[in-house]
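Keeping their order, the protein sequence lines are chains A, B and C. Positions 1 to 295 (this note's numbering) are the ones given, in order, by the first sequence. Positions 1 to 295 (this note's numbering) are the ones given, in order, by the second sequence. Positions 1 to 295 (this note's numbering) are the ones given, in order, by the third sequence.
Incorrect hints may appear among the rest.
Copies of one chain are not kept apart here, so a pair can be met inside one copy or by any two copies together.
What the hints assert, rightly or not - As a list, the in silico DSSO-like pairs of lysine-lysine whose alpha-carbon atoms are at most 27 angstroms apart:
no.	residue 1	residue 2
1	Lys-171	Lys-109
2	Lys-110	Lys-156
3	Lys-249	Lys-109
4	Lys-263	Lys-78
5	Lys-156	Lys-109
6	Lys-171	Lys-110
7	Lys-139	Lys-251
8	Lys-109	Lys-78
9	Lys-139	Lys-44
None of these hints come from the bench; they were simulated from the model.
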Amino acid sequence: MLELQLMKGSLFENVLEAILDLVNQASVNCSASTGFSLMAVDTKSVAILSLLFPSEVFQHYRCDEDCSMGIAIADMVKALRCANDDDIITIEADDSNYNDITLTFESPKKNCTADYDLRLVDAERHRVQIPDWQDLDSKYQAIIRMPSAEFMHSCKHLSNIGDDVVISVTKEDVTFFASGQSGCLSIVYRQNETLDKSEEATATLVDMREPISLIFDLSYMNSCAKPFALFDQVTICLSTTVPMMVEYKIKEKGYIRYFMAPKVEIEIEEEEERKTENEEAGAEGNKTRGMKMQD
Amino acid sequence: MLELQLMKGSLFENVLEAILDLVNQASVNCSASTGFSLMAVDTKSVAILSLLFPSEVFQHYRCDEDCSMGIAIADMVKALRCANDDDIITIEADDSNYNDITLTFESPKKNCTADYDLRLVDAERHRVQIPDWQDLDSKYQAIIRMPSAEFMHSCKHLSNIGDDVVISVTKEDVTFFASGQSGCLSIVYRQNETLDKSEEATATLVDMREPISLIFDLSYMNSCAKPFALFDQVTICLSTTVPMMVEYKIKEKGYIRYFMAPKVEIEIEEEEERKTENEEAGAEGNKTRGMKMQD
Amino acid sequence: MLELQLMKGSLFENVLEAILDLVNQASVNCSASTGFSLMAVDTKSVAILSLLFPSEVFQHYRCDEDCSMGIAIADMVKALRCANDDDIITIEADDSNYNDITLTFESPKKNCTADYDLRLVDAERHRVQIPDWQDLDSKYQAIIRMPSAEFMHSCKHLSNIGDDVVISVTKEDVTFFASGQSGCLSIVYRQNETLDKSEEATATLVDMREPISLIFDLSYMNSCAKPFALFDQVTICLSTTVPMMVEYKIKEKGYIRYFMAPKVEIEIEEEEERKTENEEAGAEGNKTRGMKMQD
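All chains should be modelled from the sequences, with the hints used to inform the complete structure.
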């Protein structure tokens, strides 16, 4: 027996709305200890999404035994949209029924109840192996933490110029660069050296272990930036050997993580040449190597 | 000589905007005693609309002798949209001119006047015989009065799931049910037994003479729900022998009435079986028979 | 060296947004004395746009020597949209570089800078000879000054009825008239005879030297009305021998000027007949002759 309770307009619903354009069907696991976790691959198999909602995210969370199920995100979102403002939403799954789950919407006036029986999809088909964070951390050459609204704006502006972004990290700054027919745009975030506590929340912080420069598809970057309104900060972890991770933290243990491979080396070099011509800023430290989506 | 005066943004204009997507050309009758009445059939001849604006709806109402005319609703709405905020709108028809009516917009500053000569259409072609309310009332097995916003929300949510809605009335409650690929949604409004005066306006009241269950096309239901923002309450009258009537009352004597036939029996039975499987809630009392649009 | 500084959301940016749908590529001239001027022809060569931003429009304006360049308006607007709220925008052109100009966006927090290198287009191809205002003034038979919001509303409403507008000026009033399938609309602005100072800003003033009646394409009129939100007043100058000019004044010396030829005589006469039939208002004074776009 799984029972989750949430309010209309809760973080859970808003996060699902934010991932809707990237992923279609997802594999969900619930357990008493870790909470509600969800994994999905985008339709073109370029990005992997991993989500953990700890039990504290829900108004009420009960999970008698671990369970897995496959969910069509769009249908789940459609179901959640059926709630009116102020409705209490209860999601229930029966251990003996793997065909559907029930969402119940109760109005505060108690005069109306709605039940949505949501058909489940095949969970196994959508399961993905995500590398352990412990293993990943040591492989990142640079970790950037920045205000999520600035990340979103940068991705949006750059995608007006071109299809790809070059993200380059040096000790002093992080540069997002795109070029296209109309010209080229380069957005530079400087590492703030001395910060008092109050400034830290709105600052861009860079933990650069090695200089790095990688190219990513801007349409995917825009998808990764979608949850910006729900979280103040975003963390971008870059590596030449494992996929980039874009992470939003949910409370203490939860998260939304997007994993995405950069574009391959040959294009990177061409792009870098182009960038050098345009910007007269070399990217010598570039050690990008081809990499597989999973390590 | 017919002369109507109204303000920009009046009920008259808003109601025409609300019926615009359902009906195209309408037959209008004006008389000194009853006011401005309008009848129209939707383009697919599934729904009939009947409207009565009593003379009190207008700022000024003068009708020297009864007159009929055919109006293209979209053109009338386009004409009314030409008024600027605060304009006084005067609609004039000449007894000797059956080709057009004139809308005059006068700005409160008096420095600008606009005249719109609206071409009329053939009134006869759009005249419909609507059964008398006196006759109809006794034929309804159930009459539901509910907040119009809840009616609209229910129709909207259900049409995200499927194409049809099953409306079932028992002594205790009214159920709106739809099913589709993603699952099924059932919205239940409970009859409030004990209500104080202040609650009555927001309650759902059911006058059930016989249990009844009927199927309707949700796209038409959505059209019937359109005027929800203009009226607090909607009344839904269900019958197995005459078309459903959805009614919004305008002041004391006026109304907007939508008449719509349910879907035919054979489909209803299939739908009911599907519903029974999904919901394990039988609908034994169903006596739905085929019926014609007009009795 | 050219250096312009402006704030996000400034008049400069808003004006470019307003002319975006009419013109594509423009020829720009900057000088220390007159400021930033821009000329463009619409893609169908029906309308000419001439703009002058005096140096006071900018927060900072430096122009060491006169310069010309070709700008793709859409790309410039795209570049300006990259600024975040509160950003300071600097536009720089190098006298030795005719390939691109640089827009720099600096956030007030100083932690982020963005550079947009905007590719220039061929300036010569878009240069237009605009007749001198001194020469033009004497050729106008009528000059109308009216609130720009009323001009915009009239154009919008008329374009719901038909494709063309007939503008007729007599000593007493200005009439905008359109007709189409659904009927015809005639909007009359009366000349206010006695006005106190406070009323003058919202009044319609007509300087009629000779009665005149001309026909214009409403889609172009709508384009001319686009900047209505940025300026209180618009001036419309009508002539049978030179193109109509629609003008918005920017501070003391600046302006946006749209020049547009009326539709040719043969159509005008037919339209006039139609108007006469519909309105029973003759337009005897009409002396419209064929004219070329440039005098």
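Quick rundown of the hints versus the structure:
Taking the shortest Cα distances, Lys-171 and Lys-109 sit within 27 angstroms of each other only across copies (20 angstroms), while inside one copy they are farther apart (58 angstroms). With identical chains, the CA atoms of Lys-110 and Lys-156 are at most 27 angstroms apart between copies only, with a shortest distance of 20 angstroms across copies and 44 angstroms within one. With identical chains, the CA atoms of Lys-249 and Lys-109 are at most 27 angstroms apart between copies only, with a shortest distance of 25 angstroms across copies and 35 angstroms within one. Only between protomers do Lys-263 and Lys-78 lie at most 27 angstroms apart by alpha-carbon distance; the minimum there is 26 angstroms, versus 34 angstroms within a single protomer.
For a Cα distance limit of 27 angstroms, the shortest separation of Lys-156 from Lys-109 across copies, 20 angstroms, qualifies, whereas the shortest one inside one copy, 42 angstroms, does not. Taking CA atoms no more than 27 angstroms apart as the test, Lys-171 paired with Lys-110 passes between copies only; the shortest distance there is 18 angstroms, against 59 angstroms inside one copy. In this assembly of identical chains, the alpha carbons of Lys-139 and Lys-251 lie at most 27 angstroms apart only when taken from the same copy (25 angstroms versus 59 angstroms across copies). Taking the closest pair of Cα atoms, Lys-109 and Lys-78 come within 27 angstroms of each other only inside a single copy of the chain (23 angstroms); across copies the shortest separation is 41 angstroms, beyond that limit.
Taking identical chains as interchangeable, the C-alpha atoms of Lys-139 and Lys-44 lie at most 27 angstroms apart only when both belong to the same chain, with a minimum of 25 angstroms there against 58 angstroms between chains.
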